[in-house]
Amino acid sequence: MPYAFLSDTGSATIDAFKLRDPQYKPDSFAYGVPMPAIFVISPRGVVQAKLAEEGYKSRPPVAAVLAAVDGLKK
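Mapping the sequence shown onto the numbering used here, position 65 (from 1) lands on 65, and the numbers just tick up by one.
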């Protein structure tokens, strides 16, 4: 692969960003799976928006993502 793969052993990053999907309990095979999320980060490296959806089949709406990005321009 021409790019690196990252691993979140123990779901430490998922937990730091509060993305652990609550529908999967510790006894579930999918425990530790994150919710789909998009972070909008300013040029200074500050998180301006966190858009997350519960359930792996849902994604943040495009309109919400565009509004968050447009907010960076103000």
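Rather than coming from a laboratory, the hints here were simulated on the basis of the structure. Honestly, I wouldn't trust all of these hints.
[Stated by the list, open to error] Using 30 Å as the maximum straight-line C-alpha spacing, the simulated BS3-like pairs for lysine-lysine come out as follows:
#1 K25 x K73
#2 K50 x K18
#3 K50 x K73
#4 K25 x K50
#5 K57 x K18
#6 K25 x K57
Here is how each hint holds up against the structure:
With a CA separation close to 40 Å, the supplied pair K25 and K73 exceeds the 30 Å bound. A threshold of 30 Å between alpha carbons decides the hint, and for K50 with K18 the separation of about 10 Å falls inside it, so the pair holds. About 17 Å separates the Cα atoms of K50 and K73, which keeps this hinted pair within 30 Å; it holds. With a C-alpha separation of about 23 Å, the suggested pairing of K25 with K50 holds against the 30 Å cut-off.
At most 30 Å may separate the alpha-carbon atoms for a hinted pair to count; K57 and K18 meet this at roughly 18 Å. Distance hint between K25 and K57 is fulfilled; the C-alpha atoms sit about 18 Å from each other, no more than 30 Å.
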